[in-house]
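Asker: Sequence:
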Amino acid sequence: MALKRVNMNIDEELLTQLDDYASKMHISRSSALAVLLSQMFQSQKAMQTMSDLVVAYNDEKSKGNV
1 MALKRVNMNI DEELLTQLDD YASKMHISRS SALAVLLSQM FQSQKAMQTM SDLVVAYNDE
61 KSKGNV
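Position one of the sequence shown corresponds to residue 1 (UniProt numbering), numbered consecutively onward.
Be a bit skeptical, because a hint or two may be false.
List time: in silico DMTMM-like cross-link candidates among lysine to aspartate or glutamate, alpha-carbon distance up to 20 Å [claimed, not checked]:
id, residue 1, residue 2
1, Lys4, Asp20
2, Lys24, Glu13
3, Lys24, Glu12
If you're looking for bench data, these hints aren't it; they were derived computationally from the structure.
With the hints as extra help, turn the sequences into a complete structure.
Answerer: Structure below.
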């Protein structure tokens, strides 16, 4: 995958937390941000999948199929 350079402004407290995480994981700030963003997007996708499953289950339940 191609990497793109990104410049951004970030709150000092968030930057400190990011740097602490990167230090603890022995990775760069850039890598830490990529890891955290990836985890967030995966979590978001999983939550949407769970929501979709609940809707589908309730739909089937209302039809008497469950």
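Asker: What's the verdict on Lys24 and Glu13, does the C-alpha distance respect the 20 Å limit or exceed it?
Answerer: Holds: Lys24 and Glu13 sit about 16 Å apart, inside 20 Å.
Asker: Do the alpha carbons of Lys24 and Glu12 lie within 20 Å of each other, as the hint requires?
Answerer: At roughly 18 Å apart (the allowed maximum being 20 Å), Glu12 and Lys24 satisfy the hint.
Asker: Please verify whether Lys4 and Asp20 have alpha carbons no more than 20 Å apart.
Answerer: 24 Å, violated
The earlier numbered hint that this structure contradicts is number 1, and it is the only one.
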